[in-house]
Every structure is written in C-alpha cells, then in structure tokens.
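Could you put the whole structure together from the sequences, leaning on the hints where they help?
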Amino acid sequence: MSKKDIIPLINLYLDIYPEISDHIDLTNLEEKSNNELSEINKECLFLISGYGNEKLRKKEIIFLLVLLCV
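Sequential numbering of the sequence shown, starting at 1, is according to the working numbering.
Honestly, I wouldn't trust all of these hints.
What the hints assert, rightly or not - Label pairs and their calculated CB-CB ranges:
(1) I61 to N28: 14 to 22 Å
(2) S33 to I61: 30 to 38 Å
(3) M1 to C69: 25 to 33 Å
(4) D25 to C69: 27 to 35 Å
(5) I62 to N35: 24 to 32 Å
(6) N11 to L68: 14 to 22 Å
(7) C69 to N35: 25 to 33 Å
(8) E30 to I61: 26 to 34 Å
(9) L68 to K42: 26 to 34 Å
(10) L9 to I61: 16 to 24 Å
Just so you know, the hints here were simulated from the structure itself, not pulled from any lab data.
No residue lacks a Cβ here, since even glycine has one placed at the ideal position from N, Cα and C.
What follows is the structure, given as structure tokens:
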C-alpha cells in the first residue's frame, strides 16, 4: 500500500477508535516512511482486534460493516 492509501485508513481507525492515539504515536503521519506507516497500520489493527472493552467491540462491528459496504 502507498502512503496515500494508508494515511486515510489510519485516520478512519482514529475516527472510530480515538483511544488508539493513547497507545500509538500518530503525529506527523505525512512525514513518516511507507514502512513506518505500514507498521502503524498493523499496530492499529492489532489494538482494534485485541480490545476487550465492550464499547470498542460495538464500534468494531460497525467498522467491519462499513468495510463490507465499501
């Protein structure tokens, strides 16, 4: 994936799961390399899938439904 694909995806994660920014440094995404952005994307997905918080689980279901519709 290219930078222009990964950055909007990470921003979408943040819109749905603002708690991610508590665990991952998401400042200056435009300045990061493609490899760094790929790692951040993986970390975001790991955090999203690993949360036990019920509120986040509900958001995760909505997020997956949005992905299915796109």
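Checked hints:
1. I61 to N28: 14 to 22 Å: Because 31 Å falls outside the window, the suggested range is violated.
2. S33 to I61: 30 to 38 Å: 33 Å, holds
3. M1 to C69: 25 to 33 Å: Since M1 and C69 have Cβ atoms about 20 Å apart, the given range 25 to 33 Å is violated.
4. D25 to C69: 27 to 35 Å: With Cβ atoms ~30 Å apart, the hint holds.
5. I62 to N35: 24 to 32 Å: 30 Å, holds
6. N11 to L68: 14 to 22 Å: 19 Å, holds
7. C69 to N35: 25 to 33 Å: 30 Å, holds
8. E30 to I61: 26 to 34 Å: About 31 Å separates the Cβ atoms of E30 and I61, which means 26 to 34 Å holds.
9. L68 to K42: 26 to 34 Å: Violated: the Cβ-Cβ distance is about 21 Å, outside 26 to 34 Å.
10. L9 to I61: 16 to 24 Å: Given a distance of about 18 Å, which is inside 16 to 24 Å, the answer is holds.
Violated hints for the displayed structure, listed by number in ascending order: 1, 3 and 9.
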